[in-house]
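The whole structure should be built from the sequences, with the hints applied where relevant.
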Amino acid sequence: MKVRAQLFLLSLCSILLIIGLSGCSFGETSFNLTGASTNASDNEQSADEQKLDETVFPKDKVVDVKITIDETEFQSMLDNASAEEFKEATVEYNGQKLENVGLRTKGNLSLNSVVRMTDSDRYSFKISFDEYVNQTLQGISKINLNNNYSDASYMREFLSYELAEQMGLPTPKYSYVNVYVNGELWGFYLAVEQIGDAYLERNFGNAYGALYKANGGSGSELNWLETIDAYTGLDMKSEKSNDDILLDMLDELNNGTNYESVLDVDEALKFIALNAVAGNFDSYLSEKKHNYYLYEDDGLFNILPWDYNMSFGGFGGSGVLIDEPTTGTVADRPLVDKLLKVEAYKEKYHEIIQSILNGYLAEENFQARIAEIKAMISSYVEADPSSFYTYEQYEQGVTQVISFNKTQTSSVAQQLAHGRRRHGWRLWRPTA
1 MKVRAQLFLL
11 SLCSILLIIG
21 LSGCSFGETS
31 FNLTGASTNA
41 SDNEQSADEQ
51 KLDETVFPKD
61 KVVDVKITID
71 ETEFQSMLDN
81 ASAEEFKEAT
91 VEYNGQKLEN
101 VGLRTKGNLS
111 LNSVVRMTDS
121 DRYSFKISFD
131 EYVNQTLQGI
141 SKINLNNNYS
151 DASYMREFLS
161 YELAEQMGLP
171 TPKYSYVNVY
181 VNGELWGFYL
191 AVEQIGDAYL
201 ERNFGNAYGA
211 LYKANGGSGS
221 ELNWLETIDA
231 YTGLDMKSEK
241 SNDDILLDML
251 DELNNGTNYE
261 SVLDVDEALK
271 FIALNAVAGN
281 FDSYLSEKKH
291 NYYLYEDDGL
301 FNILPWDYNM
311 SFGGFGGSGV
321 LIDEPTTGTV
331 ADRPLVDKLL
341 KVEAYKEKYH
351 EIIQSILNGY
361 LAEENFQARI
371 AEIKAMISSY
381 VEADPSSFYT
391 YEQYEQGVTQ
401 VISFNKTQTS
411 SVAQQLAHGR
421 RRHGWRLWRP
431 TA
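Residue numbers (the numbering used here): 1 to 432.
With a straight-line cut-off of 30 Å between C-alpha atoms, the simulated BS3-like cross-links for lysine-lysine are:
hint	residue 1	residue 2
1	Lys-213	Lys-240
2	Lys-406	Lys-341
3	Lys-126	Lys-61
4	Lys-87	Lys-240
5	Lys-374	Lys-106
6	Lys-237	Lys-126
7	Lys-106	Lys-126
8	Lys-97	Lys-237
9	Lys-87	Lys-61
10	Lys-237	Lys-106
11	Lys-213	Lys-288
12	Lys-66	Lys-374
13	Lys-240	Lys-106
14	Lys-126	Lys-213
15	Lys-341	Lys-288
16	Lys-66	Lys-51
Derived DEER-like restraints, expressed as beta-carbon distance ranges:
hint	residue 1	residue 2	range
17	Glu-343	Glu-363	28 to 38 Å
18	Thr-390	Leu-416	30 to 40 Å
19	Pro-385	Glu-226	45 to 55 Å
20	Lys-240	Ala-47	30 to 40 Å
21	Val-133	Gly-256	43 to 53 Å
22	Ser-150	Glu-184	23 to 33 Å
23	Val-115	Glu-54	29 to 39 Å
24	His-418	Glu-363	17 to 27 Å
25	Gly-316	Ser-378	22 to 32 Å
26	Ser-378	Thr-90	25 to 35 Å
27	Asp-79	Glu-364	46 to 56 Å
Note that these hints are calculated values from the structure, not bench results. Heads up, the beta-carbon is just placed ideally off N, CA and C, and yes, glycines get one too.
Structure follows, in structure tokens:
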């Protein structure tokens, strides 16, 4: 009897191992990348988070966001979009109505580009539920409505966040929404949770650590500048800096070797892998050196993914050299340079990439997921009154994302195979 039980357990373990290595399925079952737990399989996911996923950020349907705002105030906001000034509005979010809500335009490249357009007011918007009164939408204080600028597929950011989530990276909530303004359909957008207290509590169990956002200025490449005041490229988003603990981390990253004493290294390797394989060069990996957050959790810094509308071919990025995945000199990006010089970390990094290739980005899996998303959103894209693209361009955009992934994963797989045979190889650099 004991032998039979042991054989049963051995068979069960073998089955589970095969399932873990063989990819993924969609819907409520998540990809199992690099051994990380995911929301869909996490038995400890709170009832509040489940409700949030079902009613505010569902992945399987499009919800309505209905904004009511004084017409004159709204027009003033559009006419002065660069000011990014909040206006008071009422927002009904998937049937949940909140008054005294702040609404403003938002963005960087996308905002300035739309400002220059003579035939479009399709701005991205920030909804701030607690701008005027102390209120949240199921704990969420701010949501960004992204206008899918430079993304005819409407999918790049959604796919990137989903991949990040499956990799076990701390990922903001996201979902598709139909935006209405004063009763009229304004456009089909992607809603993304702003990184704030609810996000931090959910992912780290606290929100009292130091939080910074990279703006692309001095020091956002995370090099050593000796004084905290020199890091103008990192905007502090928390109330406290925790006694300049950021400077201690940057000192160790640049001048020390005990990286795990100041940095969640596994998470950092996943972050680098995500951006490299998804070809996201509107990021830390390029001369722009932005679109990420840093969060200090009990002395360890975490790097948080943000803003992926230019991934999967938006800035080129095919043929990336995975061990030097920067558009400039890799030494100018110490997070990449220092970590990947450690052989154990590089091996782990390669394992993470291989898991991505075997799972979410495997050709059959990726195309199946895109087909699911396309079936969900195509009618909304076709009805979008303010889209930057025709429906034909949308379909072409989806095809281009699939083509990019096929080319990219093939190139990366070849590099991994070559790297297993020979060390120290150099192939080519990405073009942005």
